[in-house]
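Assembly of the complex is requested from the two constituent chains, each provided in isolation within its own frame, with the hints serving as guidance.
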Amino acid sequence: MFQANPLRLYLACIRNTLEAAMCLQNFPCQEVERHNKPEVELKTSPELLLNPVLICRNEAEKCLIETSINSLRISLKVKQADELENILTKKFLRFLSMRAEAFQVLRRKPVQGYDISFLITNYHCEEMQKQKLIDFIIQFMEAKKEISELKISVNTRGRLVATEFLKQFM
Amino acid sequence: MAYLERSSPTLKETLLKIYRAEKPIEIDQHFYEFGSIQYHIKCSVLDTKIVYVSTSTLLETQGIVTSKEILSATYEVIKNIAVGVIDIVDPPRLGFQLTLKLHLDNIPRGKEAIKIITRISEIQAIILSSQLKEMLKRLNFQDDSQAINNNNRPIRIVYHPSEPFYVFRQAEKITAVFPMNFKDNSDVVIAMSFFQELVEVGSQKEMGKAPQCSWSPVPPFQLRGEPVHDLTTNAGFVSFDITSRHVEGKRLDKTVWNLLNFYAYVKYHIKCSRGYIQRRMRKRMDSLVKRLNNTRFEEEAPQKENGACKYVKELVKVPKGKLMMQQRCKDMTRRVKISKFRIRINGCARFRFNQRWISIPKFSSKSSNKSYTKLD
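Chain order of the listed sequences is A and B. Under my numbering, read the first sequence as residues 193 to 362, first letter to last. Under my numbering, read the second sequence as residues -6 to 369, first letter to last.
Here chain B stands alone, though its shape is the one from the complex (with noise of 0.2 Å):
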């Protein structure tokens, strides 16, 4: 199974981890993507600028020729990637289809290696692209006397083990059809609306110029004698026409990609529904829950003012007023002076004994100081 993006994350990670690696690193890195696509990564101490990466697919073609190999067309589009730096090893290693040699030496520097790198990563897509292209291609240019004579047998693809597809050559057009299989029942009915949506989109105007798209409940009689647990599904079959005008050029890899990921597409679409209806039901229910929060009598309780908290303590009150200041400065005074004068309070520096606002009457025998006289 083709995924949407062309690149492979882990492979590109891995490759852009050894180019940009200051010091020599070994690696041996063995790992899967959707179940059915195999990677190798071998990268050695001593030899760190050649990288070794095999790789394998669930490749299977049945048609007129059963065929599970990758193209020679295919090694040279992998080759002309980045020229000097991939290289065909042959024999592939053991249990893979295809091993490359990559030269790190030979990378551009900069923005470019980033490029050749993620070009490099793509080549499962590309040997995927490949086979049917050449195949849409080949049925293309079939006449339609050549396809009678081959019965207008189906090509069968399998890219992913549960996840078929048939292609088959029709007077002027190639038409796809992909039986849909879904293990959840809401899952069936998202799909079966969305495509119910595809074939009223298709069949718009505006999108006279995309394939013509259909959905039946039933296989279509082309693909009689097929295996039959291909074509037991609960969201029934999907048929792309596709047309001359869309195998042409620069559209072709357009449209093998496309079909490659209808699969891929649908389930994600449905994901993302699923995720959707969630969210919404959360907020729903917070709505909720908010307005039965409401019928309770504890509403009574003091409002907010003026956005302050609702449930505000009472702190102790602060007396208002210059009289009440003052007041509150004598019983300051009076608890220091109660306490030994070598204690600090902090914040309390201007009640020391040594400043001046404390007066003390101080009692002198100098006759000078004297502001009273003495009786006799």
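Okay, chain A solo, but in the shape it has when bound (with noise of 0.2 Å):
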């Protein structure tokens, strides 16, 4: 119970600034003509940003939220507590990102020092409701619940496979 607050207070802290970022708004580009980037991603015209917001739950877990006029940038950072967590976040985060055309929204490349990372443009905002986007990405965050039942699914799988092995000796 204790536990889960920070948890709450994190997730809350995180949806409330996505709902106050998510407002998007179609911006053709101001150097190229006939051309439409995202601007949190070029970063060239420092008047179409706003300031990027970081929320840490810890050392180890952070989130950092980028805003623009017409795109967001949210990078995640998950907690790792031992090498075997870490290559299941790696493999796991990695098989996510490689597929990212599946999910639209999700960066192939996760920024530099973070996990992963989701990229919403304006025509996201328009084609998907805000508050369902918003609730993914926070279901999104739940993938370091995923990790830990993988690591005990590992680690279960392993014990019964050394207590099979040991068994063939008696």
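Be careful, since some hints might not be right.
Simulated coverage check for chain A against chain B, where a stretch passes if three residues somewhere in it have a Cβ under 8 Å from a Cβ of chain B [unchecked claim]:
id : region
1  : 287 to 296
2  : 342 to 352
Far from chain B, some chain A residues (derived; all Cβ distances over 12 Å) [to be verified]:
id : residue
3  : 202
4  : 203
5  : 211
6  : 223
7  : 226
8  : 236
9  : 240
10 : 248
11 : 302
12 : 307
13 : 325
14 : 326
15 : 331
16 : 361
Everything labelled a hint here was simulated from the structure, so no lab data went into it. Don't be surprised by glycine CBs; every beta carbon is placed ideally from N, CA and C.
This is how it looks when you write it as structure tokens:
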């Protein structure tokens, strides 16, 4: 219960920030005619960018939200307690990133220093409902839970296999 | 390296094929298994009842005496698989350690034949196990003083080029040490968690009868002086303490087989774990994609009703009621009248003119058919 509260506060903070940040509109590129680019990626026009917000749960878990007039970038860093969690996190998030076309809002390569990144543009906001999109991002942050479950499954499997191997001697 | 299944599947399949063949077949096959085991099968059309099977393996032990030969006791064990069926050819075929001459005529018919052929396919397992069995028996009966005289030198056993393991005698036990090496970093991590579980399970009361298992990142001091490239590992050293209990009677065979298969067991576990992780990730990804698709505005499209298709095309409305049905029939009749009589429309047999329900008034001059009165 006590551990759930910091997580809830962290997720609530991220949700409120996203609700404020996800006010995007179409804005053609100022530098190239007839081009429309996500300004948060280019960062060529400072007047189109808002201040980035960094929300830290602890040293190992944080969320960076960068906003611009027509796009929003969310980067997440997931806590990894040991080597096994480390490789499981890397494998899982890399697996998802490589299939970014299925997610549309997912970035193929995470921002440096983070494990996974999303890029949401005004077009996504036109096709998808804002609240549900925010819910999706928040649910995605439960990847930590999935990784913990994977770790437990791998350890349980290892234990069963070890038991069977040693039983053969008896 | 030994494998989890004792019999070679390819050898068994080929021998069964020759045994069951109705017509004589010529076979001269050469195949390898696990990179270090070699087989050669020869069967001539002229004499289909005789099959020559040659085998060779990387059989190397280095210790007090370097040994690459098959023990004489092993030959007896192989002959006793099926008396009268197996003859050992001396000298063996060039490039092989053992050549067997099989008399297929002498194999009894029925299910017994499959059993014998399966046992013949296990010759590699027998060869590999027999050497380690002899070694463990010898070490078990060795006194501690003899062991000290021999400086407790470890015996290096190599059944696969990159997977040697060591066996040496200690006070009241024999220790088998496996240096573990993996190519992939994630394999190392999964293997380390497995070794941790192995040590924990081995230390439980229920597993008191199993050999004591331990893991160490550095080699035991008994392996000092061994080649450096064998002792360079990325996953540490796993040791099993074999007591006299594990080498007595029928348990010796099990102990030897488990030790020979330890590398294969660990690799198989890692492979299955990776497959499991992949399946879980794929499943989770599918659920996330579904959730994302639910955020779209198209959700407001007509929902399913009673399991019917969402995108139901509007078909032509079928008029209800008897009156509408009659109107429809009249329309059809009119169309048929317009077309020629000889044109037949499938399913419209009822609309043909020789049918009764289409009544065309007939005009006849006969007075008997008159239904009216002629006016003057």
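The hints, checked one at a time:
| no. | hint | result |
| --- | --- | --- |
| 1 | 287 to 296 | holds (count 6) |
| 2 | 342 to 352 | holds (count 7) |
| 3 | 202 | holds (20 Å) |
| 4 | 203 | holds (16 Å) |
| 5 | 211 | holds (15 Å) |
| 6 | 223 | holds (32 Å) |
| 7 | 226 | holds (27 Å) |
| 8 | 236 | holds (30 Å) |
| 9 | 240 | holds (26 Å) |
| 10 | 248 | holds (25 Å) |
| 11 | 302 | holds (16 Å) |
| 12 | 307 | holds (14 Å) |
| 13 | 325 | violated (5 Å) |
| 14 | 326 | violated (9 Å) |
| 15 | 331 | violated (7 Å) |
| 16 | 361 | violated (4 Å) |
Hints 13, 14, 15 and 16 from the earlier list are contradicted by this structure; the remaining hints agree with it.
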